[in-house]
Amino acid sequence: MLRSFWHKLSPHCNRRFHSTTKMEIQLTDREKDLFAVLLGCVKHNNKNTTLRVAGGWVRDKLLMQQSVDIDIALDDQTGTEFANSLNDYLKYLNMETRTICVIQANPDQSKHLETANVRVMGYEIDCVNLRAETYTDSRIPEIRNGTAHEDALRRDFTINALFYNLNTEQVEDFTEQGIPDLQKGLIRTPISPHITFQDDPLRILRAIRFASRFNFTLDAELVEAAQSPAIQQALNEKVSRERVYKECEGCMSKGNSRPYLAFHYMHRLNLLGSILPVESVLHHFPLVSSATMSPSHVHDLQSTWTQHAIRSLYWVNLLLSEKHQLHVGGPDSVAGVQSVGGDIVALSAEALATPKQGAQVKVLFWSAATARFAGLQVTEKGKTVPFVPVLLRESLKMENVAMKQVQTMLECVDKFTALADASESAAVPIETAGLLLRTCKELWRDCILLACSLALSSTSSSLTISNAGSAVQCAGVKRNLSDSVVKGNGEGAAGAAVDSDNAFEDTTLTPEQVHIVNKYRRLEHHIHDMGLDNIWSLAPLLNGKDLMKELGVKGPAVGNLLEQQILWQIRNQANPDREACLAYLRTCLTSK
1 MLRSFWHKLS
11 PHCNRRFHST
21 TKMEIQLTDR
31 EKDLFAVLLG
41 CVKHNNKNTT
51 LRVAGGWVRD
61 KLLMQQSVDI
71 DIALDDQTGT
81 EFANSLNDYL
91 KYLNMETRTI
101 CVIQANPDQS
111 KHLETANVRV
121 MGYEIDCVNL
131 RAETYTDSRI
141 PEIRNGTAHE
151 DALRRDFTIN
161 ALFYNLNTEQ
171 VEDFTEQGIP
181 DLQKGLIRTP
191 ISPHITFQDD
201 PLRILRAIRF
211 ASRFNFTLDA
221 ELVEAAQSPA
231 IQQALNEKVS
241 RERVYKECEG
251 CMSKGNSRPY
261 LAFHYMHRLN
271 LLGSILPVES
281 VLHHFPLVSS
291 ATMSPSHVHD
301 LQSTWTQHAI
311 RSLYWVNLLL
321 SEKHQLHVGG
331 PDSVAGVQSV
341 GGDIVALSAE
351 ALATPKQGAQ
361 VKVLFWSAAT
371 ARFAGLQVTE
381 KGKTVPFVPV
391 LLRESLKMEN
401 VAMKQVQTML
411 ECVDKFTALA
421 DASESAAVPI
431 ETAGLLLRTC
441 KELWRDCILL
451 ACSLALSSTS
461 SSLTISNAGS
471 AVQCAGVKRN
481 LSDSVVKGNG
491 EGAAGAAVDS
501 DNAFEDTTLT
511 PEQVHIVNKY
521 RRLEHHIHDM
531 GLDNIWSLAP
541 LLNGKDLMKE
551 LGVKGPAVGN
561 LLEQQILWQI
571 RNQANPDREA
581 CLAYLRTCLT
591 SK
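The opening position of the sequence shown corresponds to residue 1 in UniProt numbering, with each subsequent residue numbered one higher.
Treat the hints as calculated values from the structure; they're not laboratory data. Hints should not be assumed to be uniformly reliable.
Computed beta-carbon distance windows for the label pairs [stated by the list, open to error]:
hint : residue 1 : residue 2 : range
1    : 393       : 432       : 29 to 39 Å
2    : 96        : 543       : 48 to 58 Å
3    : 563       : 393       : 24 to 34 Å
4    : 380       : 270       : 23 to 33 Å
5    : 576       : 439       : 19 to 29 Å
6    : 399       : 124       : 18 to 28 Å
7    : 549       : 438       : 17 to 27 Å
8    : 76        : 393       : 44 to 54 Å
9    : 60        : 563       : 49 to 59 Å
10   : 300       : 580       : 49 to 59 Å
11   : 411       : 95        : 48 to 58 Å
12   : 100       : 241       : 23 to 33 Å
13   : 288       : 438       : 24 to 34 Å
14   : 236       : 288       : 20 to 30 Å
Result set (EDC-like, lysine to aspartate or glutamate): computed pairs, CA atoms no more than 16 Å apart in a straight line [to be verified]:
hint : residue 1 : residue 2
15   : 519       : 424
16   : 381       : 394
17   : 47        : 81
18   : 254       : 60
19   : 47        : 75
Glycine is no exception: its CB is placed at the ideal position from the N, C-alpha and C atoms.
Working from the sequences, and respecting the hints, build out all of it.
Okay, here's the thing in structure tokens:
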């Protein structure tokens, strides 16, 4: 995907990049029309404004990815002024206009200048003037109008500090590092990361989001700053939990997401404890004591849960990678997956790095991350409640639907483990499996995958992942770059700035692990073959009133018969006859 871009770029790899680089960006017809309107607005108002597209759009276009996130940077007027003149120009052209939305500055949340949003030709355009930041003893920088060079230096990462000049139709790299860092696959800050993270600690999580999305590595100086206790304290105290969750969402639910790589970075940077502050939440919501939960056990949970989480997440990623490759065309026809006799025995690093995304993938990864706490209960407003939803709510302000799904998976996973174990010596009882699926509904396959991952993570040969060290390379998969770019002059090797510890490595399963995978795979096949997929949508043939009328029962007996009816319907899906069901329920009454 990136090869054609890097092929164009490779002749430049052995020289210093200048601020203006003659590189073509392939515009779509819609983008050409949009930019013509923007430039027409400047000319119509007799302005000398230089219009620049800033940030992510430029990065994505250079990576040959489509982007609709267009930010316009202005050198001689504010974003609000340009947005108003643009709306007037659209009216002059008899084109559709929308109300301008002005997002006010909020220095306490590291938003230092207002932004005007205007809708043009189906695009949401953010308009803002170029600015510079001056840092004093205050954690909040002083903001003033600036040059394009100054504006580039205040942006989060070099790959996001690129401009596309609409007037000259050229890419501008004022940091002189943005394009080389794109070529190397490196996330780096334009200025000292200690300064930029102190200003906005959320940028640590943004670095992880971009690194996991693009399979890039983190610069060593950035890693050192991110691990600083002062910076991590600023992340905990300065950034709202909603903003933390939004960045985590971007690591799991957006296009080309690699959730495991994101969690791996979080672990290696000692951030998991900040994202899910277990001790702090337990301080406010006391743990309900039990015979199996001694104080020493609780302390052990708090000190080891991140290692347990990352092991479980590794196997979740591996099993999802296997499913992805099988879906593509079968293990024998897909590079990166090795099979023997139909058994998956090995996956390559490339296979493990395939993107995973979607709402259910997010729920699966959060379930694996918090599985260590399954079964724990805390006290909230005098009531005993499960700990994990409280942890996710207090730590991330996660939406109720996702929290409930995580809790459902954690409540069901042990039951699927018991089914898988029992299935090795006996047939899976259709009633047991059916009732379990009616509890977890469409999450049942993910529950099986999670149960399998937890079993794999507890094997004697399971991996151990350290979070020691001051430098990290978490994206070990070689990107799809041409040889001339990969080799370069030595500068292009990301490993020069980071160590050689990889998140994705070729993985060979032991016989014990192959047996575990096959056991859970057979369980999934058994459930499918029994026709239980979608069993949760099975409607009762008779409701409570029907039972009272037909069988003359009332009170608790009605509930008992409703349960017996569901069991009968699960067994008799092929022949859901109302009268036959009634006859069975009569026998249930007479047998008591």
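Hint check results:
One distance hint, 29 to 39 Å for the beta-carbon pair residue 393 and residue 432, holds here, with the actual separation near 32 Å. For residue 96 and residue 543, the hinted distance range of 48 to 58 Å is satisfied, since their beta carbons lie about 52 Å from each other. Between residue 563 and residue 393 the C-beta distance comes to about 32 Å, which sits within the given range of 24 to 34 Å. Residue 380 and residue 270 have their C-beta atoms about 29 Å apart, which keeps the hinted 23 to 33 Å range intact.
The beta-carbon spacing between residue 576 and residue 439, approximately 21 Å, falls within the hinted interval of 19 to 29 Å. A beta carbon spacing of about 23 Å between residue 399 and residue 124 agrees with the range 18 to 28 Å that was offered as a hint. For residue 549 and residue 438, the hinted distance range of 17 to 27 Å is satisfied, since their beta carbons lie about 25 Å from each other. Separated by about 47 Å at the C-beta atoms, residue 76 and residue 393 satisfy the suggested range of 44 to 54 Å.
For the pair residue 60 and residue 563, the supplied restraint of 49 to 59 Å holds, since their beta-carbon distance comes to about 54 Å. One distance hint, 49 to 59 Å for the beta-carbon pair residue 300 and residue 580, holds here, with the actual separation near 54 Å. Taken as a hint, the range 48 to 58 Å holds for the pair residue 411 and residue 95, whose Cβ atoms sit roughly 54 Å apart. Roughly 30 Å separates the CB atoms of residue 100 and residue 241, a value that falls within the hinted 23 to 33 Å.
A beta carbon spacing of about 28 Å between residue 288 and residue 438 agrees with the range 24 to 34 Å that was offered as a hint. As the Cβ distance of residue 236 to residue 288 is approximately 26 Å, the hint placing it in 20 to 30 Å holds. A threshold of 16 Å between alpha carbons decides the hint, and for residue 519 with residue 424 the separation of about 7 Å falls inside it, so the pair holds. Note on residue 381 and residue 394: the hinted pairing holds, with a Cα-Cα distance of about 15 Å set against a maximum of 16 Å.
Note on residue 47 and residue 81: the hinted pairing holds, with a Cα-Cα distance of about 12 Å set against a maximum of 16 Å. Distance check on the hinted pair: residue 254 and residue 60 sit about 14 Å apart at the alpha-carbon level, within 16 Å; holds. Restraint check: the Cα-Cα separation between residue 47 and residue 75 comes to about 11 Å, which is no more than 16 Å; the hinted pair holds.
The earlier numbered hints are all upheld by this structure, with none contradicted.
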